[in-house]
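2 protein chains.
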Amino acid sequence: MVPGKLDLGFPTGLPTFALRQNPFMKKKIQPWPVIETEKLGHLKLFDCEVQKVRNPYSGALLDITLLTGNDSVNVVAVNSDDKAILINQYRFGIGAYIAELPGGMVDDGEDHLQAAKRELMEETGYEATEWHYLGCVASNPVFMDSYVHHYLALNATPTGQQNLEPAEDIELLEIPVDELKEMLSRGKFLHPHTVSGVLRSLIQLNRLT
Amino acid sequence: MVPGKLDLGFPTGLPTFALRQNPFMKKKIQPWPVIETEKLGHLKLFDCEVQKVRNPYSGALLDITLLTGNDSVNVVAVNSDDKAILINQYRFGIGAYIAELPGGMVDDGEDHLQAAKRELMEETGYEATEWHYLGCVASNPVFMDSYVHHYLALNATPTGQQNLEPAEDIELLEIPVDELKEMLSRGKFLHPHTVSGVLRSLIQLNRLT
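Chains as they are written, first to last, in my numbering: chain S, 1 to 209; chain Y, 1 to 209.
Extracted from the complex, chain S is given alone in its bound form (with noise of 0.2 angstroms):
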């Protein structure tokens, strides 16, 4: 079921590539020096702060802002109907219940696939014995510094209860993964970090095309 051929290029499960010399770019790269960072407090997902950085081939000095904070994970788990588990749950930002995938952020000190199947738990009451990990892609690489890692859980079976946080509200969907890839197709989820999990799997699951 899971052909296993997918190379995602993370072999140690880091988006290291990244952080090294970026094979696309033609030109050296040289560093952005950050000359000074003043801290602007806490914002419960993450803290806040500016930093003034130089444009190493300008010269320019500017200003940027930074929300530093935990990785976070995203399950795609899959029963033995061959239906994905996934939610409706209310999202502050745009005010709306969205179908999305279950999943959260890392505590400290936690393991990604420790939060990745503790997530599942607490938001579905879900677990599954055959998990893969499915590389990453950055929160928002633009003024994040954390990533969103995705995870394929199969043989997902309902063996707890859910535990929300008072801020969630969530209601269970139980989608076809074959649909999966229609709702991917039409644009019907408006989680960014869903739509990139949910490709991931069709991807690993062969389910793509």
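Treat the hints loosely; a few may be bogus.
You can't tell identical chains apart in this list, so a pair holds if it fits in one copy or across any two.
As the list claims (entries may be wrong) - Under the rule of at most 30 angstroms between Cα atoms (straight-line distance), these lysine-lysine pairs were calculated in the DSBU-like manner:
id, residue 1, residue 2
1, K52, K39
2, K83, K26
3, K52, K28
4, K27, K52
5, K39, K26
6, K181, K28
I should point out that these hints are in silico values taken from the structure, not numbers from a laboratory.
From a predicted model like this one, the values you see are computed outputs, not experimental measurements.
With chain S fixed as given, assemble chain Y onto it according to the hints.
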């Protein structure tokens, strides 16, 4: 070349379905009332505020952080050699140069399509004769109120000069459309909005399978 049969579910170009009753929800949606809003200030790319919100089901009061700002756009521009014009750009969030789509924020009062054309010109020096709107994703529905709108631009040709801001250092990339699919499949794009824009363009071009 462009079948135009893609039903994105956004006939007006706006993501209205998220703001209506979520068609996947079984229970009746109750609004989450905002009790209080505290403006925290302007952070260059967005304004920041904290809202006190009531969970309509449990009654719990909670503070959420919200970043409010303009929508943005990104563009898959394809030239007559069937190559897409991408960019290597320095991203402060992760401190690395990554391959991604040209794009940026919509200016106040600017039309989305106009912003897409402007950003393509400023960042790459290219114009295109045929533009297709491909729908949108939320920037990050968890804590941002804005959307990223995707465009496909055909018959792209270099007609001008890059016009970069001090925070920008951009190198052009010409990538065959078939290689875009390969890069998407191998998880080579770290910017989630590039993943979403490239995916929709390949679907629109019937080049995903």
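Right, here's what the structure says about each hint:
{"no.": "1", "hint": "K52 to K39", "result": "both (12 angstroms within a copy, 24 angstroms between copies)"}
{"no.": "2", "hint": "K83 to K26", "result": "between (44 angstroms within a copy, 18 angstroms between copies)"}
{"no.": "3", "hint": "K52 to K28", "result": "within (23 angstroms within a copy, 48 angstroms between copies)"}
{"no.": "4", "hint": "K27 to K52", "result": "within (24 angstroms within a copy, 48 angstroms between copies)"}
{"no.": "5", "hint": "K39 to K26", "result": "neither (35 angstroms within a copy, 44 angstroms between copies)"}
{"no.": "6", "hint": "K181 to K28", "result": "between (40 angstroms within a copy, 27 angstroms between copies)"}
When the structure is compared with the earlier hints, a violation turns up for hint 5 alone.
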